[in-house]
Amino acid sequence: MNVTLSINGRYHTLDIDPRTSLLDACRDHLALTGSKKGCDHGQCGACTMLVNGRRINSCLTLAVMHENDTITTVEGLGTAENLHPMQAAFVEHDGYQCGYCTPGQIVSAVGMLGEIGDGWPSHVTKDIKTGTELSGDEIRERMSGNLCRCSAYPNIVDAIETAAGKTKEPA
Amino acid sequence: MDETRIQDRSGAGEPSIAELGERPPTHERAIKGGVHTKRIHDSGVKHVSGAARYVDDEPELPGTLQIYIAMSEKAHARIVSLDVSKVRDVPGVACVLTANDIPGQNDYSPVFGDDPIFPQTSGPEALVQYVGQPIFAVAAETIDLARRAAKLAIVEYEELPAAITIEQALAAAGEAGHDLLDPHEMRIGDVDAALEGAPHRVLGRVAVGGQDHFYLEGQIAYSIPLEDGDVLVRSSTQHPSEVQHNVAKMLGVPDHAVTVEVRRMGGGFGGKESQPALFAAVTALAAVKTGRPVKCRLDRDDDMEMTGKRHEVTINYAVGFSGNGRIAAGDFSHLVRCGYSRDLSAAIADRAMFHADNAYSLPAARILSRRLKTHTVSNTAFRGFGGPQGMVGIERVMDRIAFETGIDPLDVRKVNLYPSFDSDRAPGVTPYHMPVTDSIIAELVEELEVTSGYRARREAIRQFNAQSPVLKKGLALTPVKFGISFTTSHLNQAGALVHVYKDGSVHLNHGGTEMGQGLFVKVAQVVAEEFQIDIEKVKITATTTAKVPNTSATAASSGSDLNGMAAQAAARTIKNRLIDYACGRYHVPEEQVVFAANRVLIGNEEKRFADLVGEAYLARISLSSTGFYATPDIHYDRESASGQPFYYFAYGAACSEVVIDMLTGEYKLLRADILHDCGTSLNPAIDRGQIEGGFIQGMGWLTMEELWWDDKGRLKTHAPSTYKIPTANDRPDDLRIAIWEKGENRSDTIYRSKAVGEPPFMLAISVFSALTDAVIAAGDGKAFPDLDAPATPERVLKAVEGVRG
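Residue numbers (my numbering), protein chains in the order written: chain C, 607 to 777; chain Z, 16 to 820.
In isolation and in its complexed conformation, chain Z is listed as follows (with noise of 0.2 Å):
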């Protein structure tokens, strides 16, 4: 970094002008790490050095404390007593908290207000609801310490009836009368009159489960108690204004109170979306009652069982349609495995509704969601938030609907894909009465399907099932389009802070976090490209809540879409100052002063960016600033279940090949190929990298993570021994990933990229839709297979087996 010529108290009087301009600028045609450049990750060096921190990895302070939360054995118990008294004796053992230590709400949720931080010790809302569910916390000296002196705590249940699949839930609701959260509907057109006319109709049912998030950095949240009863946390969350607020709200003081950080996480997925805000209030609160430092970095298999997980969700479906596969009325109903509490459910049981069309436009459509409660643990955001598992509804009933007419399953889905925007067609609408102006699918798809070889492989593999008698192959082509935006519209704003100093180097802040996706280098080649810097001269920060004020979630895939354009408005506020300065002093018109590689313009003169910054500091121009956004044009009224709740939406599609073994149900992803639109991508490294870990990730969700209760509501599948992941073994042989070129988002976003977070990860449903095609060809194309998700290799034998008679 240049040194500045500025000193405050220097002695040496006033610098002038002239002193600052010593240096000639350089001529560079571009900067360095500009837009729409392969930048690599900011941390990448750190990355691979093992100097990258998070926060188990920050230096602890002196007589720092550690939290040990001790769950609950019963999925549903009323807590008839809770005596911790031989806990709290244990020499070394600083605190126990229960319920009756919380100064003010009990509550750590993002919405509703029904996630207790701790049961409470008696009346009726001493009550458990999970297995799993936190019951009181030691803070010791050591965990070990804090581990071994929770187990003297006698806790007395009184044993409730327990809901834990889907079919005890809908029984229970009947009983009650009421689910878990009201029922919602999206209508379009006649469904009934639609289905009745159709030439044909099919009835079916899949079903989808669960996923856990499995970031490798597990949840945790280290408090630092400050002066005047405040508190610092550091948070591995994704959302660190709500994790503030529920602190705050906990502790019974303002949010200015608290302050929330975060460098980067561990990944998140959804998963350091609300449920971090347990943690961090439990840290806060021994921190307050202690005046002690306090750490809870939760064990993994505590993390499994505590914390929520992706929806499990049952897809009933009618559907008519013409003999040649062309939709004419869908009829869905979603059945959602919420867990005990609302949590973010409403939102994410909403996003599968509006992705029950996925990429199709049906005339008429009616989808019902019933929100529904278990005794198991709250259900909660994961990657799609909901949208991949109402895709998942859909690109069955194409499979089966290309089962029933015996047309390829390409041809079906293509005959239903929404109007290109460019075509003479009118735009096609969603259920949610959205007409689909942006749809470049099926241009899209018509490319992948040239590219992957689709025809030729089709009618290889024909021929290899033919004269294979154990193994099967399968190919699937889908298509993927997500909505970006989140539906609940107030979300949809962003801030950010940029600082100019004095030599020309640039501090960046934003509200979004980095969890691996790239988001911190995205906005920072944002703000190098406003200012015309090479990116080394914009450092990346933390993100605090003390800088930036009331942020959404780092979430919807929105990260970059929101964080740069606040980070873009801020960068030109300041720009605009320094190009009004440059007028007023060279006596230039506001277009004669222009930013071009790390030097700006200014009429017939040209100086180094960081000497126009020096001079207008001496001018006593403000060098910092905020900046704001606001998604436009987006509204939704859910009475009428219409509107326009997505700026735009993101394509996408994917060709997958696999071969089963009919005699296990074992199975191979044999090559993928994937055609993806990320606009004009920001960064096409990121951006590649998204793709494929999206895929790779959604792969591991439809085929192999498979989450099991027990009848007592016991997850039995918590750690990595018994739920598995997909691992470098389990990516395709053959995998090509190609940006689609001709991206460019028909939005006014931020450099007209694309969000692209979330939408890859339903490019796996490909796979699902290939081990379908596989399984009906074991059974030599009669009979059409009840495969459900995750197809497991027993799962798959089973479905084999089914088609075989």
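Chain C with its partners taken away, still in its complex shape (with noise of 0.2 Å):
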């Protein structure tokens, strides 16, 4: 069937099988292939992308469902040349080792700052009614559902505090 899907700012009009993930119709289709296929189950992050601000897990959601939504990509964000200043401060505090995982991290990372923008409690916030606050611990919980298998973890939470203003030194 046809969708029309907004990626990146631009239209694009596809003829998928209605069954195609959101992940597959960039990846196959449109040769958007920053976003990655970790696990296909919507449990490594690696394919997280923005639907309308908020990350979600593209593989887990069906392309025909955002016709009218905004979609972001790891691609969308910042290009090498014009790097996202999230895009910029991973490259500054190496957070990232074999980089297969990085696109995921990166797009989560400017979502989830949203969401502590917006006063979204995580299960590690102290008070839901005083609002949250920007810290190591809600950066690492938040962050939890990206898995990076070469444990750049120390690197990624620094990088995700300098992007959001809070500046890190790289070690």
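Where hints are given, some of them may not hold.
[What the hints assert, rightly or not] Calculated cross-link-like contacts (lysine-lysine; reagent style DSBU-like; alpha-carbon spacing at most 35 Å):
| id | chain 1 | residue 1 | chain 2 | residue 2 |
| --- | --- | --- | --- | --- |
| 1 | Z | Lys-727 | C | Lys-732 |
| 2 | Z | Lys-683 | C | Lys-735 |
| 3 | Z | Lys-739 | C | Lys-732 |
No lab work stands behind these hints: they were computed from the structure.
Could you use the hints to bring the two separately framed chains together as a complex?
Following this line, the structure appears as structure tokens:
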């Protein structure tokens, strides 16, 4: 069936099987291969995209469900010549090793900062009435859905703190 | 990049040398990206922008087929019949592959010839030996179609008795009269007499679980058929040469008919050493049969069920020691669960033995290793390659001696460490008769003891535990000594290929593969340093068997040591040709040709590197060279279990503090201090990443990653939903990592650096020992816990209940 998707500021009309996941639509039909397929189960986070600014496991959602949504993939955040601050912070802090989880980490981190900004509480939020403060604990808790087998976590957390304006010198 | 003035057939006639030097050299003090600098990973910007291409990201050629591999549902069974006719009839299925379709050898094993690509469909070899073993493959227009078509196959099994656990494997080995591989023994001194004569003796056992690699990029191969029946395979592999050889032998063609290429992997950790050959072989077979490009990209669950893991090992120990904790003799036996085939288990089980002493000098020792067959997936290489399992044994012994003597565990460890290379004492000798002549472990441990505040924290923890009824803390400081070299000596060789183009830019290729560890940037740093040019002038290129042949796996932490040396040799050859040219052209002695940052000083003149290269090209000097390196001075005689299998040792130590909840068994790593020896680090930023990542991955292995098979041999932890690897939340809140500043390799390695891929993994044993310490505290120090690994909350709770009686 035909579906029109708004991805990274451009409209794409695709003729796809209605069972095609948003991830496969991007990877297999639009050559947007930045988002990775790590587990295809919504458990590793490598496929994370932003849908209307909220992070989502794109392997667990069908492309046809997102006709009227605004979708952002890692390619839409910034390019090599013009990196998004989160991407730049990951480079500054070596927030990766093999790089396979990195696009998902970065997109997830951008979405996560939005959630904190909007006051969404998490499991480690001390007092949900007084709002949510950005802290290492909050970042680690909220990023725990993005697996990194190289365990570059210390640098990932540092990079996110830097991008969030909490300046931290690279180790 | 500078433009070159040199054009072929430009019509401008022969360019003169004077024309080349029209721009003066710049005068930087140092090049960008030389050795010992914190250069970022070469793919960093591509990683963060999604532009880094992995095999699955390369555009697929038109007509590409997708492969689904059908797997055995039985742990051990005879295949009575296999009917795939209905699968073949499904529209969109291009071919179905069984053992009958293989023109050459039906085997993808690295050494022993016992890993069939598919089982035979009839006769005595129509046998499956683990749940998940490939039986046949379907190549179809889409993966969904291939998967659905495969379900139409009819497989009739006749089940046979299966050994799943180590206990069952022991019983089966007893019945069969042999193990999967012959036992091996290392021995030094008179162990029985020393045990007999020791003032104290204890016996014990510790079981250590396996580990799934969980590389975020699963196994994948993409084969493109070429003319003459040749094939190009893009494989996510640490060992392109072995994949090449296995594909060729399966097709029944010479190695030269197969080219294997890999730009980067999304993680390897050992899981892409021998395993990728299967997927490469299946795609190559389908590509040759259909004439179409073929991809096989494993689903995560299929990957976890089908591919090998870290070896589970049970270690029995008997140790004799004196009142101050000094060991007189250690007797270890390793029961190694190898799975159904031999794979790399001989070398892995050997490396467990090579590290049964860890950093401790044992006056008398015996290490017996039995390699057992189970009807489970064939276990394989994983970061540390058996070394970590060996070390857990002796570290458990240290904790046990401390418990028995009442001496602080750190003091027991210290009294047993190998003497320093510069001490008055004779060097210690390993159980394989190799003198340890480069030990710095005593000094390193001493330094970490101070910087981690060990003694004060020990006292604080004692006080905390005395007044805390439910939460108990534990502390441990453990050392690591890890042998560097492939213990199979001939593998310690590497090749490189360096081209200098006439514009002064450089193309670098070598046999090592990039899996995130930063090998490519380190080797590029070496080449940049050699030519004294900025690292941006060095192009890093994909590993391919067509450029550098007969390579060893990027494994055993050896990547930078071997390939760095080979690339340096290649660069030196070209550099020497440039020097010879300059000496002849400008009539200066050799010592007056000096490569400085991006320029070359020739007598009183200086010119840009690119201009000297241009001149040399016009003078018809070859600007391309291979380089080769073979590690010197290593040998090992397996018959006598003695020799010098390692070129040197890498050292490190970690101090971990944990807190456990006695009511639930849950725990938290509160703080970890790490001091690690990278020699003179080639790239401290990259090395630090390896230290952090290795430690956390090791912690995952020893604490939360549990592989669980049911009694039918079905792996029930085959996805991240049931198999838990560390997340951002599992790293300790307080993680303090330092690279040992005094580090310098006593062996002549590339810029005196040390290998760093595997050694830090074993720093995580400090977490396991700290948990043991906390459980002892939970029992008020009255009993020593039988805590096995992984020390999941369930196991910790059970151990707590055990020590509380």
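- Given the hinted pair Z:Lys-683 and C:Lys-735, is their alpha-carbon gap at most 35 Å? holds, 27 Å
- Message: Run the distance test for Z:Lys-739 versus C:Lys-732: straight-line Cα separation, threshold 35 Å.
- Response: Satisfied, since the Cα-Cα distance of roughly 26 Å is no more than 35 Å.
- Message: Against the 35 Å threshold, does the CA-CA distance of Z:Lys-727 and C:Lys-732 hold or violate the hint?
- Response: violated, 46 Å
Hint compliance for this structure: hint 1 alone is broken.
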